[in-house]
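Sequence lines, in order, name chains R and Y. The numbering of the first sequence is the numbering used here, which starts it at 1 and goes up by one. The numbering of the second sequence is the numbering used here, which starts it at 1 and goes up by one.
I should point out that these hints are in silico values taken from the structure, not numbers from a laboratory. Among these hints, one or two may not hold up.
[As the list claims (entries may be wrong)] Taking lysine-lysine and the PhoX-like style, the derived pairs with C-alpha atoms no more than 20 Å apart in a straight line are: (1) R:K100 - R:K74; (2) R:K9 - R:K88; (3) Y:K57 - R:K74; (4) Y:K133 - R:K88; (5) R:K9 - R:K79; (6) Y:K57 - Y:K193; (7) R:K88 - R:K70; (8) R:K100 - R:K79; (9) R:K74 - R:K9; (10) R:K9 - R:K100; (11) R:K70 - Y:K193; (12) R:K43 - R:K59; (13) Y:K193 - Y:K252; (14) Y:K9 - R:K59; (15) Y:K124 - R:K70; (16) Y:K198 - Y:K252; (17) Y:K198 - R:K59; (18) R:K88 - R:K100; (19) R:K100 - R:K70; (20) Y:K57 - Y:K198; (21) R:K9 - Y:K124.
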Amino acid sequence: MAKKRVAFKEALIEAVDEGLLMLGESGRDVVYFHLQHSYGLRKESIPDNPEIFIDCLRKIFGLGAQVIEKSIVKVLCRKLEIEYVEVKNHTFARYLNDIKSAVEVKD
Amino acid sequence: MPGLLKIYKVSLLIIVALMLIYAFQGYYPEFISFFSNAFPPLIAGATVIISGFSLGKYWHRAGEQFSIVWLCFTCGLFLWFMGEATWAGYTLILGVELPYPSVADIFWVSGYIPFLIALLLYVKIFSPAISWKMFLASMLTTLGLAIFVSAALITPILGVEEDVVTMAMDFAYPLLDIALFSVAFLGLLIFWKGNLGKSWLLINVAILLDVCADMLFGYATAQGTYYSGHVADLIFDLSYLFFLLAFYVHAKEF
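Given these sequences and hints, build the entire structure.
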């Protein structure tokens with residue numbers, strides 16, 4: 001179980017890294033900079049505090065944050081070999097919970 | 001953010017100062033004639049520098065979309081700066097009273113292309129966030145603005161004897177501004193609730209000021225009432241100031 005949790009966290013960190021690439025590498029670095037300086041959150045801690053990460057994205061991009069969130073969820077699904085299913089009005093945290101559950105069921 | 005408050009205060013001071021300079025121009029006609037031609041290259045140059053800083057901040061490599069966005073913004077603003085500098089060269093050095101249309105217009109019109117590309121690429125990154133309602137709101141606003149501008153300009157411009165190129169220019173500038181606005185307004189709707197919304201609001205204000213200034217300029221030149229120090233010149237200066245602020249705020253907020 002602990003192994004699975006670690007794998008999920010690692011996949012999420014990688015998914016955030018890849019998802020933020022839609023802003024380019026410099027844009028991604030700026031998001032990480034804001035996250036660390038305004039919220040005291042390092043990228044390695046995002047899986048434990050996804051709501052802070054999302055708050056940071058929404059504070060910068062407004063509605064545009066949804067696009068980044070969706071991109072991260074898609075990458076995460078791909079990494080964990082789970083089918084991405086879009087659900088209307090699903091929050092980022094809810095998607096993460098669904099993906100976690102799907103991983104557990106799959107294994 | 002204290003840094004931003006400072007720049008807002010400085011900008012407000014510049015706006016008030018510019019308004020006062022233009023309002024009391026009757027007392028110093030020679031100075032206003034010089035100032036209205038010499039100031040635009042300065043403010044346009046400052047805008048290029050600020051955009052260049054943002055380019056330095058966001059640039060990573062040529063193939064990256066966000067890097068291209070900032071390269072295009074800076075190129076567009078640089079071409080507009082060249083337009084201003086060429087106009088100043090004509091009026092202040094060569095003594096041409098109204099260099100319109102001229103080489104300056106080639107720079108100005110060319111500047112719209114990279115600027116529009118920059119706006120399109122930026123908004124395209126976040127396009128999945130655009131709902132049908134947002135798209136419709138943007139299209140209706142743009143259409144309303146285009147109808148208003150065309151209706152306001154058709155009679156005064158077509159009613160006078162101007163050559164085709166001048167007439168085309170009179171319509172082209174405000175319509176190109178509206179093309180920029182159609183994309184910038186979508187950007188505003190996307191980022192409105194975020195910190196980047198401030199920057200997009202300033203971009204939209206700058207473009208709308210350009211629409212007003214270009215309409216006034218086209219109208220005044222067609223009617224033969226344009227002079228150096230016309231209110232259109234003030235609005236052009238304010239537009240550059242808002243662009244400068246927009247790019248500064250963007251670099252500060254993101």
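Going through the hints against the structure:
{"no.": "1", "hint": "R:K100 - R:K74", "result": "holds, 14 Å"}
{"no.": "2", "hint": "R:K9 - R:K88", "result": "violated, 25 Å"}
{"no.": "3", "hint": "Y:K57 - R:K74", "result": "violated, 28 Å"}
{"no.": "4", "hint": "Y:K133 - R:K88", "result": "holds, 16 Å"}
{"no.": "5", "hint": "R:K9 - R:K79", "result": "holds, 12 Å"}
{"no.": "6", "hint": "Y:K57 - Y:K193", "result": "violated, 23 Å"}
{"no.": "7", "hint": "R:K88 - R:K70", "result": "holds, 11 Å"}
{"no.": "8", "hint": "R:K100 - R:K79", "result": "holds, 12 Å"}
{"no.": "9", "hint": "R:K74 - R:K9", "result": "holds, 15 Å"}
{"no.": "10", "hint": "R:K9 - R:K100", "result": "holds, 10 Å"}
{"no.": "11", "hint": "R:K70 - Y:K193", "result": "holds, 18 Å"}
{"no.": "12", "hint": "R:K43 - R:K59", "result": "holds, 17 Å"}
{"no.": "13", "hint": "Y:K193 - Y:K252", "result": "holds, 17 Å"}
{"no.": "14", "hint": "Y:K9 - R:K59", "result": "violated, 24 Å"}
{"no.": "15", "hint": "Y:K124 - R:K70", "result": "holds, 15 Å"}
{"no.": "16", "hint": "Y:K198 - Y:K252", "result": "holds, 11 Å"}
{"no.": "17", "hint": "Y:K198 - R:K59", "result": "holds, 12 Å"}
{"no.": "18", "hint": "R:K88 - R:K100", "result": "holds, 19 Å"}
{"no.": "19", "hint": "R:K100 - R:K70", "result": "holds, 16 Å"}
{"no.": "20", "hint": "Y:K57 - Y:K198", "result": "holds, 19 Å"}
{"no.": "21", "hint": "R:K9 - Y:K124", "result": "violated, 30 Å"}
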